[in-house]
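Asks: Line order of the protein sequences matches chains V and L. Quick note on our numbering: the first sequence kicks off at 70 and runs consecutively. Quick note on our numbering: the second sequence kicks off at 70 and runs consecutively.
Fair warning: there could be bad hints in the mix.
Given that identical chains are not distinguished, each listed pair holds provided it fits within a single copy or across any two copies.
To be verified - The list that follows gives simulated cross-link-like pairs (lysine to aspartate or glutamate, EDC-like), each with its CA atoms no further than 20 angstroms apart:
(1) 143 x 118
(2) 285 x 230
(3) 367 x 179
(4) 430 x 361
(5) 279 x 230
(6) 162 x 424
(7) 236 x 222
Quick caveat, the hints were computed from the structure, so don't treat them as lab data. Just so we're clear, the structure is a prediction, and the values are computed from it rather than from any experiment.
The residues making up each chain are set out below.
Protein chains: 2
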Amino acid sequence: MSESSKDIQTQKTLAKLRVLADSVLKEIGKHDNPHMDIPLRTLSNVHFDEKKQIIQLGKQTQQRYFFNVAQAKKFMQTLLIASATKKLLDSGKTTSIRDLYYMTKHTMGDTEENTFNDQIDSDPIIEDLEVTIDALREELNLFASNRGALVGDITIWDSGDTIHCNKMGSGGWSIPSICEENLIQFKEHDAKFVLLVEKDAVWRRLNEDKFWKKHKCILVHGQGMAPRGVRRLLNRLCSELKLPLYVLVDNDPWGLYIYSVIKQGSINLAYESVRMAIPSAKFIGLSSFDREKYKLPKNVTIKLDETDIRRAKQILDYPWFQKKEWQKELKEMLKNNVKLELEALSAKGISFVTEEYLPDKIKNKEWLE
Amino acid sequence: MSESSKDIQTQKTLAKLRVLADSVLKEIGKHDNPHMDIPLRTLSNVHFDEKKQIIQLGKQTQQRYFFNVAQAKKFMQTLLIASATKKLLDSGKTTSIRDLYYMTKHTMGDTEENTFNDQIDSDPIIEDLEVTIDALREELNLFASNRGALVGDITIWDSGDTIHCNKMGSGGWSIPSICEENLIQFKEHDAKFVLLVEKDAVWRRLNEDKFWKKHKCILVHGQGMAPRGVRRLLNRLCSELKLPLYVLVDNDPWGLYIYSVIKQGSINLAYESVRMAIPSAKFIGLSSFDREKYKLPKNVTIKLDETDIRRAKQILDYPWFQKKEWQKELKEMLKNNVKLELEALSAKGISFVTEEYLPDKIKNKEWLE
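Using the sequences and the hints given, assemble the complete structure.
Replies: Right, here's the structure in full:
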């Protein structure tokens, strides 16, 4: 593929890789010790940006030198990964981070030494490269895992094909692992909001009941914790189409954590928050107050276990859960000492979630932010 | 929904439920002790049918009586589940087995006794009902989990929508958890075979390279062990369209087990083999001989661990792996003492699997059956 025929995003990412390579080459030309400045991905360099309402990486960096016994291997690994992603971008192909590990793994010369011994070695190098040149792995044509599906009144351009998401049957469009602009674009739509549900079984219920048609929404599931592809797609749906996002998860600390990652980003991958987090995301349920409100039978609750309690207490301390309403919500869960799955709503009838619970919540603006 | 407006399959399943209920009612009318005959799902009642080449359930049954202290609860649970699935079929709605647990869970009268305490109690009852009336859970409008995607030159009718699977972009059509005839039907197609790949990352590679277009195939992944929806869909694609199925898995005992379940069915769920297993499925790789054949670098192999070795020896003893070629294949894995992931092929180039490995194998009919 010639340089000019590439899409603008690919050209931008290639330019970022070139800046990195040029700076190393320049140092070599000057007989300096070649090095890279790599933003630190440690907890001490992560903070919650109150204004933007997202978790972000700070400004601390570490230097990685070539002539340094402790750093030489990592220095070479970083350039090896950078060079492999350049080849990917040049060829216009995408691949998995596992694949990239195999593609860059080789034994060096006549030694017994491998470039990488395990994917555990190559994954952090990919993350180093992402933060160093400020590009998501997806912009480097790399992806992790693929999960999740979408239906709704929207037409999506996916790699040359036009997907009418209102004609996708019971299955839906499988959300790809890379949802960057060069591969995925939004065309016409007639949606008023996006609804993310944690569980595919509940998604199927809502799709079967054509909830998205009646309430004009885009219906997405991420099969548990939404993978990066789903998060990026949601971020783009919300920012490009100016749609609100409602999140429907189990009433347990794990469900709240899923919501938290969608909304503010995660501590581990703070550098990606800017392009992944959706600070305006609204938590629509299940709330710890729903059990009483909807008179759910007592026997559908599950007692919190030790991990639940520990996690709930952690979340209670998160800076982004300090609003009065959130503290009330979390304390209610701990007080009741029970959790509640989305499926528990079915005790009130198979389509209770479609016909009563969600319309009620949306109409009365009963959500937490 | 009136009886006559229902599709034929639903009518058939309802009739089967009615036979069960009628026989119980008849015994009540005669003041007999009401009972059900439930096929035994124990290992002793499972055998490998050499002629059909599938794992099947035998003819042993157990009696479940109402007036029997040890059986009364299970008897009532079975009728409760049967009655709930009748309601599902009547309403034309589908739901998850977790949902069904919540729908049928209630506290009995003024006691502290619940109909079910946990999903662990209701799942085996669903399986009892499936074998007793000879209907897959999907025919009872029930499903477990949803995974997997499909692309290729085929048009599929899914619950009223027409899906052109050759225009599904990078994502593909998300394979629904229920793939029975009343919901999913095959229309025109231009495919010569079906290719199932274990990993979604490899599926993405093949889709991006438009392998399915060049080689006229239907490309499916099941994200690891193929879930029931994918297995049922593959079974129907092979039997209704008379297409051969090639299976591409990791070269490790788990990959071989995935192939084995696709082909012969599983011991746990032997009763479903007739409608799920595909005895003609061909194993196209990775073979333990591929490393040498394709000169893969030594450092992409992974040493077998204890679990691998134990499992490989188990598979070596399976009646359906007794063919000379299979014994040779399995013994080679144990002799080499290494396994190989699909991604290892990328050490030969990112599109090696698309451009060389698969075309080569198919052209030379290099597979095991």
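Asks: All hints are to be evaluated individually against the structure, with a verdict given for each.
Replies: Status of the hints after comparison with the structure:
no.	hint	in the structure
1	143 x 118	neither (31 angstroms within a copy, 56 angstroms between copies)
2	285 x 230	between (23 angstroms within a copy, 18 angstroms between copies)
3	367 x 179	between (68 angstroms within a copy, 13 angstroms between copies)
4	430 x 361	within (15 angstroms within a copy, 61 angstroms between copies)
5	279 x 230	between (24 angstroms within a copy, 13 angstroms between copies)
6	162 x 424	between (44 angstroms within a copy, 14 angstroms between copies)
7	236 x 222	both (9 angstroms within a copy, 18 angstroms between copies)
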